[in-house]
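Peer 1: Residues per chain are reported as follows:
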Amino acid sequence: MPPKRLDQARPFLTLIVVILGWLIVPVVMKTFARASFFELQAPITVAASYARDLQDYWTLRLHSNDELIEAGRDLARLNATYEESVQQNANLEAEISRLEDLLKLPPYANYRSEYARVVRRDFSGWWQRLVIRKGKNYGITVGAPVIFSGGVVGRVSEVHAYTAEIELISSPGVRLAGVIEGETQPISFQGGINTTFDPPKGVIEFVPLNVFASATMPKKLVTSGLGGVFPPGLSLGTVTKVEPSADGLFKSGEVQLDPRLSSLTEVTVLVPLNPE
Amino acid sequence: MRRTFFTFLTLLVLWVVVVQVNHALAGTHVYLFVGGLFVAYAALQLPLRDGLAAVLLAGLLCDANVPVPFGLHTLLFAAAYAVISNLRDHVPRDETVARVIVALLANLAMFLVFSFALIGRGPVPAAVWPRLIFDLVCSQVFLALVAPWFFALQARTLVLARVERDTLA
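Note that the protein sequences, when read in sequence, are chains Z and A.
Residue 287 in our numbering sits at position 270 of the first sequence; the count goes up by one each step and never skips.
Residue 288 in our numbering sits at position 15 of the second sequence; the count goes up by one each step and never skips.
Each hint should be verified, as a subset may be incorrect.
Unchecked claim - Pair ranges (Cβ atoms, derived):
hint	chain 1	residue 1	chain 2	residue 2	range
1	A	GLU368	Z	PRO276	40 to 46 Å
2	Z	PRO249	A	PHE278	24 to 30 Å
3	Z	LEU226	A	ARG394	45 to 51 Å
4	A	GLU368	Z	THR285	52 to 58 Å
By construction, these hints were calculated from the structure, which means they are not laboratory data.
Ideal Cβ positions, reconstructed from N, Cα and C, are used throughout, including at glycine.
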């Protein structure tokens, strides 16, 4: 029988063995373990999302025929508007390509839109991300931009067999270049201030001194297109505050992001057609 | 081996429940962290090797699903497991209230370590603390509410799997 003192230290000796073991395990094995554990639980979360969809379906079945007819009429009106927009869009694209040929400009990056259902939302103070129901099986690539009707959602951070993870623009790890709508000077955007019950916020740095914005006179921040990941002109949020930074050379400020970011159910992944 | 497997299964159930609750709460920007609950029962009731193996597997499961350095949950769970195991002869571990208190304390410690490890990534770290404190309070309340059910689930699972006698549950 081991001495009592040694017996008491057993949990800590085991902990030391675990830590040493963890330190000497090769990175390849850790990467494999991570992927395996993710794929182990993926069917559970995907099944839960299908169950939610079914729940929504049965909720919708409770609507009366009158309500459905009314909704159908509204949709028909919307479809007519969109059909007109699609036609205009086709004309504009033809015009852009004609001008590109004429001026010998390099073409804009082309994307394929991949719509995906949100399987899981994580909105902690440490990170904000989504898991979507499409992955390698739909050709989703790491780094691909993700958008919704309100603008930029974030970018794909990891791709798995049937799912993909998206880091939201409100997440502290996301940095990208934006511009105030209608201007050309680039501004650095970073996510990261997310208080309870309030809409998500981000911060901007290196704002030129001639930019003014406040809660009463907000300005729209859009993607600049610099860096080549996000197409230019996508909405990031609304600049509600700018003030001179400590160095006096630039300003810094706050950007209010779309409040729907934390309750999205469907997003669009822009998969690059010609990834470099 | 059977004990480890069935304990891990119950931890997987807990993980699924917490993920679904967090999904539903995302719109309100509240996030629940219940790391203490993953460790408490195994550390208080199970033999060292079996309990630790189950807790390490649960740590790997949590690590694989969040954007943190791989191993952070695992090592944190292992450390909490070692501390609780060392103290388990000094607490009335057969009483649910004592188990819940141990889980709450472990959760508090892990939440703080987690926060200090990750908070530096944000642009204004100090501004995140009010949110984290609110999340911590919600997590502790949630943990206190579900812990008795979860401990009973773990105990009954081990009895049904015939790896524990009914008295131990």
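Peer 1: Next, verify each hint and record whether it holds.
Peer 2: Cross-check of the supplied hints:
1. A:GLU368 <-> Z:PRO276: 40 to 46 Å: 45 Å, holds
2. Z:PRO249 <-> A:PHE278: 24 to 30 Å: The hinted range 24 to 30 Å is violated for PRO249 of chain Z and PHE278 of chain A, with Cβ atoms some 53 Å apart.
3. Z:LEU226 <-> A:ARG394: 45 to 51 Å: 29 Å, violated
4. A:GLU368 <-> Z:THR285: 52 to 58 Å: 53 Å, holds
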